[in-house]
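Build the full structure now, drawing on both the sequences and the hints.
One line per chain: the protein sequences are A and B, in this order.
To convert a position in the first sequence, counted from 1, into our numbering, add 118.
To convert a position in the second sequence, counted from 1, into our numbering, add 111.
Honestly, I wouldn't trust all of these hints.
Listed next, the in silico SDA-like pairs over lysine to any residue satisfying Cα-Cα at most 20 Å (straight line) [as the list claims (entries may be wrong)]: (1) K121(A) to I216(A); (2) K189(B) to N184(A); (3) K262(B) to K121(A); (4) K121(A) to R264(B); (5) K189(B) to E162(A); (6) K121(A) to K132(B); (7) K128(A) to R264(B); (8) K128(A) to L184(B); (9) K189(B) to G217(A); (10) K262(B) to I216(A); (11) K128(A) to E226(B); (12) K213(A) to K132(B); (13) K239(B) to A164(A); (14) K121(A) to I196(B); (15) K213(A) to R264(B); (16) K206(B) to I216(A); (17) K147(B) to G217(A).
Hints were generated in silico from the structure; no laboratory data involved.
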Amino acid sequence: MHKIKMIAPKYLVAPLAILGIETYPANSEAEARTALERAGENKEPALILITEQLAVDLQAEISLLNRRPELNIVMIPDNQGSIGLAFDQINELVKNSIGAEVIIRK
Amino acid sequence: MELLRLRRRTVLAKKGHKLLKDKLDGLIQQLLAVVKAHRRLSGTLEQKLIDIFQKLALGSAQISQAALYSATLLATSKVAVDITIKNIMGVKIPKYELKSEGDPISYGFAETPAELDQALKEFMEVLKELVMLAEHNKAIQVLASQIIEIKRRVNALEYVMIPELENSVRFIKMKLAEMERSTTVTLLKIKDIVRAR
Chain A
119 MHKIKMIAPK
129 YLVAPLAILG
139 IETYPANSEA
149 EARTALERAG
159 ENKEPALILI
169 TEQLAVDLQA
179 EISLLNRRPE
189 LNIVMIPDNQ
199 GSIGLAFDQI
209 NELVKNSIGA
219 EVIIRK
Chain B
112 MELLRLRRRT
122 VLAKKGHKLL
132 KDKLDGLIQQ
142 LLAVVKAHRR
152 LSGTLEQKLI
162 DIFQKLALGS
172 AQISQAALYS
182 ATLLATSKVA
192 VDITIKNIMG
202 VKIPKYELKS
212 EGDPISYGFA
222 ETPAELDQAL
232 KEFMEVLKEL
242 VMLAEHNKAI
252 QVLASQIIEI
262 KRRVNALEYV
272 MIPELENSVR
282 FIKMKLAEME
292 RSTTVTLLKI
302 KDIVRAR
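This is the structure in structure tokens:
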């Protein structure tokens with residue numbers, strides 16, 4: 119059984135501790151960087167959710183941590199909406215592997 | 112001997128190249144299927160998460176730190192993720208399953224705003240889909256890195272190893288044919304000399 123951890127602004131993440139999610143409040147990019155290091159420092163497998171607004175300048179760190187098989191860092195939108203980072207990350211992975219951009223028509 | 116060994120190696124390399132190419136095509140198909148499922152899920156999940164976080168933000172603003180802290184202490188809910196490994200064409204991909212126990216709303220309702228309770232309930236419902244999204248995410252990462260590795264091996268076989276082996280085979284055949292011709296000419300010369308005597 120592995121933990122679910124979340125990095126988000128304090129006003130969003132504090133109530134989620136009620137559900138049993140391990141919370142790492144962060145209100146700036148620097149705090150988010152520290153929180154990400156703390157969340158990923160043990161070798162224990164975990165699912166880490168981070169809001170896109172905080173993850174803007176942490177793409178390199180997130181890609182590096184995602185290479186570890188026991189960690190999975192997922193970017194999610196927050197109350198201010200999505201900025202498309204998660205979508206771009208997947209697009210980039212697919213472009214690098216297949217060599218073409220994938221457009222899926224509904 | 113060397114020619115026989117090289118011929119065997121060429122046949123083996125061509126067989127390996129065909130197998131790797133088939134594996135590559137299979138993995139690309141798998142990747143596209145997972146990407147499609149990921150896009151579909153993230154499309155529906157995005158708006159739900161935005162709504163939930165807006166309610167959480169509203170609820171957070173209406174509750175005091177002390178009340179939130181005491182609600183956290185009273186909470187009995189626990190969530191965790193169970194990870195098993197599934198094998199797709201020799202690639203190990205983690206499969207996530209959400210395990211939750213306890214009631215998410217196990218604290219008193221008196222001090223907590225309705226938006227917060229509603230948001231927490233909705234977040235629990237959406238957590239299962241979020242875990243599924245995380246599974247698709249990891250699958251895409253693992254498949255993409257495997258595809259890049261296999262592509263490199265296929266290209267190495269197709270453009271480096273097989274041409275080198277074929278060139279070596281051609282060179283040896285050429286040398287052997289030359290040796291045969293020169294032996295034939297030498298024998299004819301010796302015959303002429305012996306006849307002349």
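Here is what the structure says about each hint:
no. : hint               : in the structure
1   : K121(A) to I216(A) : violated, 33 Å
2   : K189(B) to N184(A) : violated, 25 Å
3   : K262(B) to K121(A) : violated, 35 Å
4   : K121(A) to R264(B) : violated, 37 Å
5   : K189(B) to E162(A) : holds, 18 Å
6   : K121(A) to K132(B) : violated, 38 Å
7   : K128(A) to R264(B) : violated, 47 Å
8   : K128(A) to L184(B) : holds, 17 Å
9   : K189(B) to G217(A) : violated, 42 Å
10  : K262(B) to I216(A) : holds, 9 Å
11  : K128(A) to E226(B) : holds, 17 Å
12  : K213(A) to K132(B) : holds, 19 Å
13  : K239(B) to A164(A) : holds, 15 Å
14  : K121(A) to I196(B) : holds, 17 Å
15  : K213(A) to R264(B) : holds, 19 Å
16  : K206(B) to I216(A) : violated, 23 Å
17  : K147(B) to G217(A) : holds, 17 Å
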